[in-house]
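A.B. asks: Sequence:
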Amino acid sequence: MITQSRPYVGRWRTRALEIAGDGPVLLLLHGFGDHAGTWLPVLTELQQRGQRAVALDLPNFGEADPVGDGPMLESLHEFVAAAVEQWTEDGVPPVVVGNSLGGVMALRMGADPDVPVSGVVPVSPAGFGHVWFINALEKYSWVNPLLFTPVVPMRLFRYLTANGFAWAAAGSSGVVRGVSRAMAAHFRSGADVKRIFGVAPTLLAEIRAWSSYLPPVPGPCLIIWGRGDRLTLVAGAAVLSAQVPHAEVVILDDCGHCSQVGRPDRVAEHLARFAAATAVDVRTS
1 MITQSRPYVG RWRTRALEIA GDGPVLLLLH GFGDHAGTWL PVLTELQQRG
51 QRAVALDLPN FGEADPVGDG PMLESLHEFV AAAVEQWTED GVPPVVVGNS
101 LGGVMALRMG ADPDVPVSGV VPVSPAGFGH VWFINALEKY SWVNPLLFTP
151 VVPMRLFRYL TANGFAWAAA GSSGVVRGVS RAMAAHFRSG ADVKRIFGVA
201 PTLLAEIRAW SSYLPPVPGP CLIIWGRGDR LTLVAGAAVL SAQVPHAEVV
251 ILDDCGHCSQ VGRPDRVAEH LARFAAATAV DVRTS
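Residue numbering for the sequence shown follows the UniProt record's numbering, starting at 1 and increasing by one per position.
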């Protein structure tokens with residue numbers, strides 16, 4: 001059974017979707033504008049495999065508290081580091097898994113010597129191989145408020161957002177459509193749109209600055225990328241793996257930017273295998 005709770009993680013109240021099972025815990029993080037529900041198909045698959053996991057809403061997204069003032073990437077780092085400590089069980093830290101923005105946070109945890117993790121799994125992480133219109137959002141930040149100020153009824157905006165997410169996920173299956181609609185439902189008003197998308201240019205600049213000088217990620221690392229990614233091109237996998245040469249790289253041919261909704265079965269299979277391998281490493285170290 002997938003349980004839902006509203007715990008405090010560090011300074012923020014958030015939402016947690018959690019399943020019981022064997023560890024280490026898989027700590028699942030979503031991308032920009034998304035929420036923990038994007039991992040529901042993977043959680044269902046992991047539950048069948050008996051793998052312990054929890055998905056969280058990052059601050060400013062889903063049902064989590066607003067992120068607050070200051071550099072957003074640093075605040076998210078503080079949040080995820082607190083989550084790592086909170087879901088360390090029997091002395092075994094979690095494996096941090098993240099898609100897009102969440103993938104950046106997974107890499108940051110792997111690079112932070114003060115945050116012990118069992119391993120990291122970036123899934124099409126932001127900052128590597130952005131397509132032109134993502135770069136344009138950062139470069140021409142002055143136009144961003146115009147782009148993301150709804151000029152259509154919110155119901156139509158949610159419809160367009162859901163279809164845009166499905167396009168980015170490179171799929172039209174029932175799973176993709178269902179998750180896309182659930183993601184778009186969190187945009188209840190124009191204020192939600194401005195709160196979420198208003199931080200995009202600054203956050204993109206922070207991600208670019210950090211990923212351009214990626215610190216060492218010494219621990220176990222699995223890179224997952226969808227070959228059909230329309231936001232962070234699959235060429236980014238080679239860029240990242242060149243900087244983390246010991247990482248295992250898995251390219252999923254029939255996935256886009258959000259492999260967790262495109263092929264939750266394949267993603268869960270690789271995550272469970274990776275978690276089991278890190279558990280062996282912990283026992284033998």
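Don't read these hints as lab results, they were simulated from the structure. Each hint should be verified, as a subset may be incorrect.
[To be verified] FRET-style restraints, in silico, Cβ to Cβ:
1. I251 with A82: 31 to 39 angstroms
2. E74 with Q243: 15 to 23 angstroms
3. P245 with A209: 20 to 28 angstroms
4. G10 with R230: 30 to 38 angstroms
5. A235 with A205: 17 to 25 angstroms
6. A235 with E74: 36 to 44 angstroms
7. D254 with G50: 36 to 44 angstroms
8. A82 with P215: 15 to 23 angstroms
9. D253 with R6: 35 to 43 angstroms
Where is the CB? At the ideal position from N, CA and C, for every residue including glycine.
A.B. asks: Report the numbers of all earlier hints that the structure fails to satisfy, in ascending order.
C.D. replies: 6, 7
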